[in-house]
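Here is how the chains run, residue by residue.
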Amino acid sequence: MTVSSASRPSLVSHVADVNNTNMAATEDQLARLSKVKDIITKASQELKSIEVNREIDLEFDVGNLLVTDKNTLDEEAVYDPDTRPAYLQSLARDGIQALMSKVWDLPSHTEDNAVFVTLPKTTTVLPREKPVPKEKALTKWEQFARDKGLTKKKKDKKVWDHILKRWVPRFGMKKVQADKEKNWVKEVPGNVDPYEDMFAKEKELKRERVAKNEYQRLRNIAKSRKLKVPNVGVTGNDLATSKDLGVAMHHSRFATASKGKFQPTLPNEQVPKGLGKKRKHEQITGDGRAEKKRYMEVLKKVEKNELNLSTAVHKQIREENIEADLAKKGGKKQLRRSKAGGRHRTRSDHRASKLGKGIHESRKQKI
Amino acid sequence: MRTLSDDETALVFTKLSKYIGSNIKSLLDRSDGLYCFRLHKGRVYYVKEDVMKVAALLPRENLVSMGVCFGKITKGKKFLLNITALEFLSPYCQHKVWVKEASEQNFMYGNHIYKSGLFRISDNTPKYAGVVVYTHNDIPMGFGVAAKSTSECRHANPMDIICFHQADIGEYIRNEDTLV
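Each protein sequence line maps, in turn, to chains C and Y.
Residues in the first sequence are numbered consecutively from 1, following our numbering.
Residues in the second sequence are numbered consecutively from 1001, following our numbering.
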C-alpha cells in the first residue's frame, strides 16, 4: 500500500518546502515539524488507501455490483487460522473499495438530498431462469404450405374488376357492394326448383363457409393448446362414413351431465359400441392378497343376492310338502292315541298351523 | 390374459354358488397357496398364483391353458361352466344325483336324466338347483340342473326328465377339439 500523494498534496509539499528553505532551524522548530509530519503520516495511514493495486487487475461488473478478484491467495496467511480472518477481510475490503470508487465515478444526480447513480448494464451472462420456449406448432395449413413449397404472395389491396371497369377493394364493405352490383340477377339452372330463393341459398352457403372457417380456426387453437375437439358432428359432413357418424352420435349422447348414461334411445337407434372411455383392468401379477380380498367382497355381494333366493326356495319346499301331505287320499295315517287326549299333531299339522291354515280337518275334535 | 372385472367375478361366483353354494370360500381360502381367476381368450382359469405369474410371461397366442379352465364367458355376458371344473365342484357340491348303471352311458352321451334312470337324489334339492351327477359307485360323472325338486321326484312319471344335462365326462372325447 502506498501513501497517496494525490489526496493531500498541499500539506506534504509545504512541509518539504519548509525543510528545504529553512536550513538553520531551531531545535524546537525541528521537533515541531517532525511531530507534524508524524501526525500527517499517521492520519493518512489510518484512513487507508483509496487506491487498490493488484498483480491481476480486479474485474468489475458495476451493473450487478460485482467485483471479481482473480489473484492467488497468500497461502501462508490463509492456512494459519490466526491470520486468516484478518487477511480475508482485507482482501474483501480492497475489493469493495475498488468497486465503490467505480460506482462514484458514474454520473450521479441528487434528488431530495439523496444522491442517485444509474448503474450501467450488466456484463455477466446469467443462466436461463426458465427453460427454452418451445417452438409454436405449425397449423395444418402452414404445414401443408411448407410441404408443398408455397410462398406467401403479396396481394394488392385493390383488384381490377373488368365487369365494373374499376378498381374494387379485395375485401370489405365496398367489395360486398360491388358484388351486389355485379350479381343483381342470377340464372336459374334447369334442374333446380324454380320457387327456391337462389339469393338466400347463396347467403346460406356463405354463412356455412364462414362457420367452417371459424371452426377450423378454433380447432387450430385447440390443437396448439392440446385440447381435444370432436371432428365429426360439428360441421355437417355429407361424406362421413358410418363409423364417423357413429362417433358423432356417441359424442352427442355423451355430452350430457351424466355422460350419456341415462340417455334414452330413439326407436331403431343403435348405440355405437366400443366408444367412450376404455375401462382399466387390475394388474395381472398384482398383489395376491388384495385380489383375494376383492373376491371375498364380491362373494359377499353374491351371497346377499342368493340368500333371499334360498329362503324363498325353502319356503316353497315347505309349502309343497304340506300340499302333498294334504292332497294324499285319506289324509295322514292314524297315529296311536296320545295321553294328552288325542291332540297329537303331525309335522305338517305344525307347519300348517304355523302358516295359519289350522290343523287338518280329520284331526279336529268333533264336538 | 387379464384379471376378471368385478362384474365378471360376480357372474362366475353366482354360477358356482348354484352348485357349491357357500363353499366358494374354500376355493379361495386354500392352505397350499394363493389361487386366482384369470381370463384368457374368453375362458376363465382357476390357477395358482406362482403358475399364473409364469404363464403371464408367455405371448398371448402361444398360451393355450393354465391351471384349470372353469368355463367361458360368452359375448352375451353369460358364464358357461365347463366339464373341466368337475373335480372342484364335486367335493363341495350341496345337491347330488345318483344314476343307475343302465343310464350311465346315456347321460355320458349327452342326454338328460329321466326318472327311470334315477337311482338317488339328495334331500331338499330345490327345483332348478345345480347338481353333480354321480354313478351308482359314487364317481362324479358330470353336472346338471335339477328339473324337479326332491319331493316332486317322488311323484314323477318314469319318462319325466328330472335332471337337465349340462356337462359330462364323455365330453372329453366328444369335444376334444373345443374343450380348451
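Derived by calculation from the structure, the hints in this document are not laboratory data.
Keep in mind that this is a model prediction, so the values were computed, not measured.
Possibly wrong hints are sitting among the right ones.
[What the hints assert, rightly or not] Listed next, the stretches of chain C that the computed footprint assigns to chain Y, with coverage defined by at least 3 CB atoms under 8 Å from CB atoms of chain Y: (1) 279-290; (2) 308-322.
[Said to hold, decoys possible] Straight-line alpha carbon distances no greater than 25 Å define the calculated DSS-like cross-link-like pairs of lysine-lysine that follow: (3) K1048/Y x K292/C; (4) K292/C x K1041/Y; (5) K1096/Y x K315/C; (6) K182/C x K158/C; (7) K1127/Y x K293/C; (8) K1048/Y x K278/C; (9) K277/C x K1041/Y; (10) K261/C x K1048/Y; (11) K301/C x K1072/Y; (12) K1127/Y x K304/C; (13) K273/C x K1072/Y; (14) K280/C x K301/C; (15) K1096/Y x K293/C; (16) K304/C x K1041/Y; (17) K1041/Y x K273/C; (18) K300/C x K1025/Y; (19) K261/C x K1075/Y.
Beta carbons: idealized from backbone N, C-alpha and C, even for Gly.
So, going through the hints one by one against the coordinates:
Counting residues of the stretch 279-290 of chain C whose beta-carbon sits less than 8 Å from any beta-carbon of chain Y gives 9, enough to reach three: the coverage restraint holds. Coverage of the stretch 308-322 of chain C by chain Y holds in this model, with 7 residues showing a Cβ closer than 8 Å to a Cβ of that chain against a need of three. As the CA atoms of K1048/Y and K292/C are separated by approximately 12 Å, the hinted pair is consistent with the 25 Å bound. Distance check on the hinted pair: K292/C and K1041/Y sit about 22 Å apart at the alpha-carbon level, within 25 Å; holds.
About 21 Å separates the Cα atoms of K1096/Y and K315/C, which keeps this hinted pair within 25 Å; it holds. As the CA atoms of K182/C and K158/C are separated by approximately 16 Å, the hinted pair is consistent with the 25 Å bound. Simply put, K1127/Y and K293/C have alpha-carbon atoms about 32 Å apart, too far for the 25 Å limit, and the pair is violated. Proximity of K1048/Y to K278/C is assessed by CA-CA distance (about 28 Å); at most 25 Å being required, the pair is judged violated.
Simply put, K277/C and K1041/Y have alpha-carbon atoms about 22 Å apart, close enough for the 25 Å limit, and the pair holds. With a CA separation close to 38 Å, the supplied pair K261/C and K1048/Y exceeds the 25 Å bound. Between K301/C and K1072/Y, the direct Cα distance comes to roughly 22 Å. Compliance with the 25 Å bound is thereby established for this hinted pair. About 20 Å separates the Cα atoms of K1127/Y and K304/C, which keeps this hinted pair within 25 Å; it holds.
Simply put, K273/C and K1072/Y have alpha-carbon atoms about 22 Å apart, close enough for the 25 Å limit, and the pair holds. Our distance criterion of 25 Å between C-alpha atoms is met by K280/C and K301/C, whose separation comes to about 22 Å. As the CA atoms of K1096/Y and K293/C are separated by approximately 30 Å, the hinted pair breaks the 25 Å bound. For the hint linking K304/C to K1041/Y, the alpha-carbon distance of about 30 Å lies beyond 25 Å, and the restraint is violated.
A hinted pair counts as satisfied when its Cα atoms are at most 25 Å apart, and K1041/Y with K273/C qualifies at roughly 20 Å. Restraint check for K300/C and K1025/Y: satisfied, since their Cα atoms lie roughly 10 Å apart, inside the 25 Å limit. Restraint check for K261/C and K1075/Y: the C-alpha separation of about 21 Å stays at or below 25 Å, so the hint holds.
Of the numbered hints listed earlier, those contradicted by the structure are 7, 8, 10, 15 and 16.
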